[in-house]
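2 protein chains.
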Amino acid sequence: MGTEVNNSVKETNQATGLNAVFNPRSVAIVGASSTFGKWGQLITSNIVAGDFRGKVFPVNPKDELICGLPVYRRILDIPEPVDLVFITTPAKTVTGILEECGKKGVKGVVLITSGFSETDEAGKELERDIVNICREKGLTLIGPNTMGIICPNVSLFATGSHTRPRKGSVAFVSQSGNLGLQLIHWAEQQGIGVSVFVGSGNEAMFTCTDYLEYMENDPHTNIILLYLESVVDGRHFLEVARRINQKKPLIVLKGGRTEAGRIAALSHTGSMTGEDAVFRAVCHQAGLLDVAVPWELLDLSAGFSSLPLPKGNRVGIVTLGGGWGVVTADECNQRGLVVPDIPGSIIETIGRYLPPFWSKGNPVDLVGTRDLDVPIVAMEELLKWEGIDAVISLGIVGRMELVRLLTQSTRKVDTSISSEFLDQIETLSQEYEKRYITRIVELMETYEKPVLGVSLANTGEGTVRPVEGKRYSGVFYQTPENAVNVLSRMVGYGRFIERK
Amino acid sequence: MGTEVNNSVKETNQATGLNAVFNPRSVAIVGASSTFGKWGQLITSNIVAGDFRGKVFPVNPKDELICGLPVYRRILDIPEPVDLVFITTPAKTVTGILEECGKKGVKGVVLITSGFSETDEAGKELERDIVNICREKGLTLIGPNTMGIICPNVSLFATGSHTRPRKGSVAFVSQSGNLGLQLIHWAEQQGIGVSVFVGSGNEAMFTCTDYLEYMENDPHTNIILLYLESVVDGRHFLEVARRINQKKPLIVLKGGRTEAGRIAALSHTGSMTGEDAVFRAVCHQAGLLDVAVPWELLDLSAGFSSLPLPKGNRVGIVTLGGGWGVVTADECNQRGLVVPDIPGSIIETIGRYLPPFWSKGNPVDLVGTRDLDVPIVAMEELLKWEGIDAVISLGIVGRMELVRLLTQSTRKVDTSISSEFLDQIETLSQEYEKRYITRIVELMETYEKPVLGVSLANTGEGTVRPVEGKRYSGVFYQTPENAVNVLSRMVGYGRFIERK
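Chains as they are written, first to last, in the working numbering: chain A, 1 to 500; chain B, 1 to 500.
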C-alpha cells in the first residue's frame, strides 16, 4: 500500500484533484449495469436514486438505457465534460479506460475494481502502471479496491451500500470499506451528519494522511473519523494528525491493536501494523481521540458534532428515576467526572416543583413527575450555575415511547376513555418532546455548556435531533454509559486543546 | 429498608406465599380507575390488555365498569376467591384494606402505594404496622413503594409500564422499579424471555435475598438478574448468592459503586451502600457476574439464556468483511480470548468455496461472498474442530437490511429490473436468514458450542431469535464488542463453575 509520491504533484492534486473528486459536477460509471447485484448496478442505481446534483453518464458497450439514462459506449462518446469516473470493470481493462479518461479531460477516478496490489506481484505491478498513467494524465485516483465515496454536499452517494446519511460536519476515512460503510449506515440511522466519506482502498496514489489533509481544509468538515489498519508514513501521519486535531477533533479506531488483530490485518490489507502500545502513546501525545470499538466512533461523532465543548468535568444529573441517577453518578465517577453538591438556592428553586421527599441534591431526581416544566427548570438552574460544566438528562425524551404503549393498551381495553382524548395525549407528548429538544438547544446556546440526553429508549429517531436554524443539536443516547463516556472524552479533548 | 423477619414465618411464606404471588389464579386491584394516567388505571389496563390468564376484579367505591369489567366496592364484595391484591390507594387507607384482605382469604398483596419508610418516621411506623398485619393474616407482602410484578407464565403484566416481554428463563429482581422496568422493556425489544420480574420496593417483608431464594427453586428460571443498591443481610446474601450461582448464573448490577453513586443511592433508597472494592471482591469470590452498566445485564441475559456454555476460550471468527474480522480479533485478545490458527485441512475445505486470495486463516474472511452455503460450511468446519470452543459470526443476518435498501432504490430508478424479481430477492433473503438461524441453532445442539452472531444492523428483530422446538436460540448482537464481551463473561463463568 502507498507508493512514493512526488511532492509537488501531490500538493497540486490535493488542492484541486481531491476537491474535484469530492465535489464533481458530472460523473460517469464505466461498467454501469442493469444486472442486479453487479458493482456497476449497485453504484449506478445508488447515484441515481440518491439524486446526485450533477449529470450522470452510464458507460458500457451493450445497453441503451440504464436507470432511465442513455448509455455511452466509451468515455470519449460522452458529449459533455466529465469530472469524475467510477470504474467497476475488470483490472485488465483499467489502463485503457484511464487513457481515455486522460483524453477526455476527466479530473478524478474512483477505481472500485479489485485485483491489484492486494492480490499478487502481477497485481502490484499493474497498480504501479496505473498510478503512473494517472500522474501523466493529471488524474486524481481513489483506490483501487475501494468501496467508493459519499459526498452529501452534492448528494453523491457512490458506494455499493445504499445508505445515505444526511449532510453534516463529520468526515470519515476508512481503510476498510466494509467497516466504513456499516458505520456510515449507523451514522445515518443515528442522524449524524456526514461531510464526506472515502474508503481509501489500496491507497495507490493517496494515503490516509492525504485524505486527512484534504479534510483539514474542507469547510464542511468539523470532526474527522479514521479507521486505520496501517500507516506507511508514520512520522508524517503523526505530524498531520497532531496539527489537525488542534482544530478538528480526530477520532481514531485502530485495527490490529492486539496480536490476533495484527494477524487478521496482515491478511486483510496485507500490511504490518505497529505495536498497540506505541500507537496509543502516539495518540495520547498528539491528543487524538483513540477509541477501542466501532460504536464509540459513532457516539463520539454525535457528541462532538452537535454539542459545545465542556469547559470542565463537573456534571449535573437530572433524572426521572432514582436508580438511573445512581448508575449515572457511578459511571461519572468511574470516568473521571465529578458530580458536585448543588447549593441550597438551586435546591430551593427546584424544590418548589417537587414533592417534599425529593432527592434535594445532585442527581436531581424528578421522582417521576409529570409536570412538564420541571425538567427544563431543573436543567436551566444547573446550567446557569458556575459550579457545573455539563448536564446529563435522563428519561424525558424516551418517555413518549412508554406513553404510546399505554395509550395503545388503553384503547384496546377501556372504551370509557375516548379515542380523541388518547390522540390528544399522544400529540401533546410529541409536541412536548419537540419543545423540550428545542429548549435544550437554546439553553446550550445561552450557556455554552453541553446537555447530553439519555432517552433510555430505542426511539427509532436516532441519537442526534437537529433543530432548524440552530448550531447545536439535541443528542440522546440510549444508555447513560454511552452519554457519560462521550462527555468524559469531550472533557479530555477540551483539556488537551486548552493546554496547547 | 428491611425489617427483621421471623424465620419460620419467612420459610412458609417463601414456599407458598411467593408462589401464590407469582402464579395467582385471580387478582383484584384496589384503586382501579378509568382516569387516564392514575396508578389504578395503569395497572388495571395493563393486566387486562396483557390477557392475564385468571380473573380480574377491579375495586373502587364509585365506578360500575372499568376496562369492561364489573367493579366491586370492597374486596369483601367480590363473590369469588382472590389470590392476589394490588393496592394503589393512599398510604392511610392501606391498613383497613389489608384487614379486609385477611378476612377474604387473600394470599398476597402487591403494595404499589408509596409514602412509607422512604419518607419519614411516621411512614416507617406505618410500614411496621402493615408488616405486622400481613404476618397476622398470613398475607405475603411485596413492597410497599414497588412498581409491580411481571409473571409471563400466567400472562400477568402488573406494572405501570406497559411492556410485555415474552415468556422465558430470565428472572429479574430490581431495587429500582424505574430502572428495572426500563430494562424489562429493553428485554422485550431484544426478544429476551422473562420468567418473573419484581420491583422489591421498600422490602418491608422480603429482601432481595428472599426473592433470589424463590427464583433458585423456580423451575421456569435459569438466569437471574439483580439490580442492587443495598443489602441489609450481607452475609446471608453472599451465602445464598454463591449457592444459587452454582446452578443459575447470577448477574448483578450494583448501584452506588462510587462516591457519587453512593450519595445518589442514599437519597434514592435511603440506605448506605458498601464500598465497591468490598462488593467486587465478594462477587469475585462467589463467581457472580457483576456488570458495570445496565446494557450489559441485557447482553449477558441474551447470551446465557440462549447459548450453550463454552468449554474454553478459543474462538473462531467468520466475517463478511476484513475490517470487522480485525476489530473482532482485537477485542477477543483484549478480553482474554484466543483466536487460534486453524489447520490446513479446514483452510482447504473452506477454500473450495472462496476466491484464491481469501484470508486462509482465522478470522475466516468470506470476502463479501454471496454464495449462501459458505457461511454455514465455514461455521461447521470451525465448530467440529476440537481446537475451537466458540464461533463469532459477523454480518450474515444483518445483510438483509442492506439488500432491502438496494431493492428499494433499484425499484425507484431502474424499471428494466422487474418488480417480481426484486420481490423474489427479498423473499429469498428472508428465507435464507431464517434457514441460517435454524442451522446455527442445530449446529449448537450438535457440537454443544456457542455461536454468537453479530448483525451489524439494528434489524428491529432484537438480539434473540428463538427457533421453534429448540433448546438454544440464535443470538445476534449489533456490534462485535458486545458479542466478545458476552463470550468472555461466559468463558469466565464456565471456568468458575468447573473449578468448583
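It cannot be assumed that every hint is accurate.
Because identical chains cannot be distinguished in the list, a pair is counted as satisfied if it fits within a single copy or across any two copies.
Below are the DSS-like pairs computed for lysine-lysine, each with C-alpha atoms no more than 25 Å apart in a straight line [what the hints assert, rightly or not]:
hint	residue 1	residue 2
1	124	360
2	167	412
3	384	360
4	412	55
5	247	167
6	92	137
7	62	412
8	104	137
9	104	55
Note that these hints are calculated values from the structure, not bench results.
Computed from a predicted structure; not experimentally measured.
Evaluation of the provided hints:
With identical chains, the CA atoms of residue 124 and residue 360 are at most 25 Å apart between copies only, with a shortest distance of 20 Å across copies and 68 Å within one. When the C-alpha separation of residue 167 and residue 412 is checked against a cutoff of 25 Å, the pair qualifies only between copies, where the shortest distance is 22 Å, while the shortest distance within a copy is 41 Å. Taking the shortest alpha-carbon separations for residue 384 and residue 360, only the intra-copy value of 18 Å comes in at or below 25 Å, while the best inter-copy value is 60 Å. Taking CA atoms no more than 25 Å apart as the test, residue 412 paired with residue 55 passes between copies only; the shortest distance there is 18 Å, against 53 Å inside one copy.
Taking identical chains as interchangeable, the C-alpha atoms of residue 247 and residue 167 lie at most 25 Å apart only when both belong to the same chain, with a minimum of 20 Å there against 53 Å between chains. In this assembly of identical chains, the alpha carbons of residue 92 and residue 137 lie at most 25 Å apart only when taken from the same copy (19 Å versus 89 Å across copies). For a Cα distance limit of 25 Å, the shortest separation of residue 62 from residue 412 across copies, 23 Å, qualifies, whereas the shortest one inside one copy, 59 Å, does not. Taking the closest pair of Cα atoms, residue 104 and residue 137 come within 25 Å of each other only inside a single copy of the chain (10 Å); across copies the shortest separation is 94 Å, beyond that limit.
With identical chains, the CA atoms of residue 104 and residue 55 are at most 25 Å apart within one copy only, with a shortest distance of 16 Å there and 81 Å across copies.
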